[in-house]
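4 protein chains.
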Amino acid sequence: MSDHHFPLRVYIEDTDAGGIVYYVNYLKFMERGRTELMRSLGFGKAAILEEGRMFVVHGADVRYLRPAQLDDELTVVTSISKLARSYLIFRQQVVRSGEPLCQGEIKVACVEQASMKPVAIPGTVHSVLKQQFSLRK
Amino acid sequence: MSDHHFPLRVYIEDTDAGGIVYYVNYLKFMERGRTELMRSLGFGKAAILEEGRMFVVHGADVRYLRPAQLDDELTVVTSISKLARSYLIFRQQVVRSGEPLCQGEIKVACVEQASMKPVAIPGTVHSVLKQQFSLRK
Amino acid sequence: MSDHHFPLRVYIEDTDAGGIVYYVNYLKFMERGRTELMRSLGFGKAAILEEGRMFVVHGADVRYLRPAQLDDELTVVTSISKLARSYLIFRQQVVRSGEPLCQGEIKVACVEQASMKPVAIPGTVHSVLKQQFSLRK
Amino acid sequence: MSDHHFPLRVYIEDTDAGGIVYYVNYLKFMERGRTELMRSLGFGKAAILEEGRMFVVHGADVRYLRPAQLDDELTVVTSISKLARSYLIFRQQVVRSGEPLCQGEIKVACVEQASMKPVAIPGTVHSVLKQQFSLRK
Chain W
498 MSDHHFPLRV YIEDTDAGGI VYYVNYLKFM ERGRTELMRS LGFGKAAILE
548 EGRMFVVHGA DVRYLRPAQL DDELTVVTSI SKLARSYLIF RQQVVRSGEP
598 LCQGEIKVAC VEQASMKPVA IPGTVHSVLK QQFSLRK
Chain P
498 MSDHHFPLRV YIEDTDAGGI VYYVNYLKFM ERGRTELMRS LGFGKAAILE
548 EGRMFVVHGA DVRYLRPAQL DDELTVVTSI SKLARSYLIF RQQVVRSGEP
598 LCQGEIKVAC VEQASMKPVA IPGTVHSVLK QQFSLRK
Chain A
498 MSDHHFPLRV YIEDTDAGGI VYYVNYLKFM ERGRTELMRS LGFGKAAILE
548 EGRMFVVHGA DVRYLRPAQL DDELTVVTSI SKLARSYLIF RQQVVRSGEP
598 LCQGEIKVAC VEQASMKPVA IPGTVHSVLK QQFSLRK
Chain V
498 MSDHHFPLRV YIEDTDAGGI VYYVNYLKFM ERGRTELMRS LGFGKAAILE
548 EGRMFVVHGA DVRYLRPAQL DDELTVVTSI SKLARSYLIF RQQVVRSGEP
598 LCQGEIKVAC VEQASMKPVA IPGTVHSVLK QQFSLRK
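Protein chains in written order, with my numbering: chain W, 498 to 634; chain P, 498 to 634; chain A, 498 to 634; chain V, 498 to 634.
No wet-lab data here; the hints were simulated from the structure. Treat the hints with care, as some may be off.
Copies of the same chain are indistinguishable here, so a pair counts whether it falls within one copy or spans any two.
As the list claims (entries may be wrong) - Think about it this way: if two alpha-carbon atoms lie no more than 27 Å apart in a straight line, the pair counts; the simulated DSSO-like pairs of lysine-lysine are:
(1) Lys-627 - Lys-614
(2) Lys-579 - Lys-604
(3) Lys-614 - Lys-525
For clarity, every value in this text was computed on a predicted model and none was experimentally measured.
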């Protein structure tokens, strides 16, 4: 799988009094990228929720390199760096004109909605991800 | 009932690139004020949700007078201006040192969670609100 | 001018524990629509800020009709219902498959950034808006 | 220095359609905690900005352990784990009734506002932080 690219625009809602994108919001941008990667593979969020499971973020390790500004056009670049039975790790970058502004590794686990306990990623989802993931190397 | 007062602080998360509080966030401040008014009457959000009903905002009419800044200490002043069978209207102000920055009328309806259709406000909630409301005049 | 249409997707960041779009966030959606309308006329936010003026929201009157859900594809429909010397009023709807979910009138004023006092909308911006606005009737 | 404790309440604005606190928002909670720690030492955000410098987050490494719910009362526990010339690292936890829900290490750098380049933390700020930091051991 080649990296997934998702374009977005910076709006005033994304900025803070420093005149730049509020750093917390890059995590929202990254989630949009992951969501669209999953959607491009045929999995809307709704699909997962129907089985009483959901994906939740268990960890985020983010580095900020340069600030984005109001009106900037950004791209979220997403790949899967690890796929396990009950979780996966996304490697993501938010870039502007090819220049990385922010990069992160996000660990997303599949949990049972009622108990919030880790469970196996649904079979159909896992096999599609595995196929994509192995194609990558 | 005298007006309900709820204090809050402006954090960087609340601001935008204009260097002031992002106007949309006053609606969050107002909701915190309404939530705390209800809590002061003995009604946490959870209590309502348990009966399969929930309060949802059906309308908001907001005027912005002066901007708030980072670090400002604000107060949300809330009263109930109308109480009907299935909805109520809150009159709210966000003030700084007694000076109004933002004022609004928020119409909040009680709906059945499954259908999102209006239903009567639960009896215990309604009677407490009515008592408070009538005391006001 | 025909109405301006701006499409957007609902992400998890837009929702709340009620399982629907958090009502405050429709105001963000509407601002994206206004921003893109202005951009389509040649005016990025940056252009306004350069003259030491900025647009700020002075009032918002919003009605909520039906809730949007996670993953929904929405459209923000925007027109200008009034154009004055120092402010304009936008009429906006957020729709899903042609069905209105939320509608609002947003009053946006042009202010001097330093003082936050109302000033005339920059001439070039005003004349383009006026031309668009008069074409409408 | 003993750890700094900052209490907060979970409002509907903090939650998502999963019925829990949206994980991105813990970063907002943590920033409130850091801001109040700095304020308790005599440094409002405004003080830093006046010298043409500002603190920006350069990195965040966050682990999510258990979800918080609507209405929860949380505490942000903050300490400084490293103090360098131009940056510091905060160690933070968001806890509920003593139980950690989320923990993170946040690297905050001092930059020149115009260039966004790292600069030395202002002397008065650095010496107070150093004093607090050394007291800790």
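Hint by hint, here is what the structure shows:
no. : hint              : verdict
1   : Lys-627 - Lys-614 : within (22 Å within a copy, 42 Å between copies)
2   : Lys-579 - Lys-604 : both (9 Å within a copy, 26 Å between copies)
3   : Lys-614 - Lys-525 : both (24 Å within a copy, 25 Å between copies)
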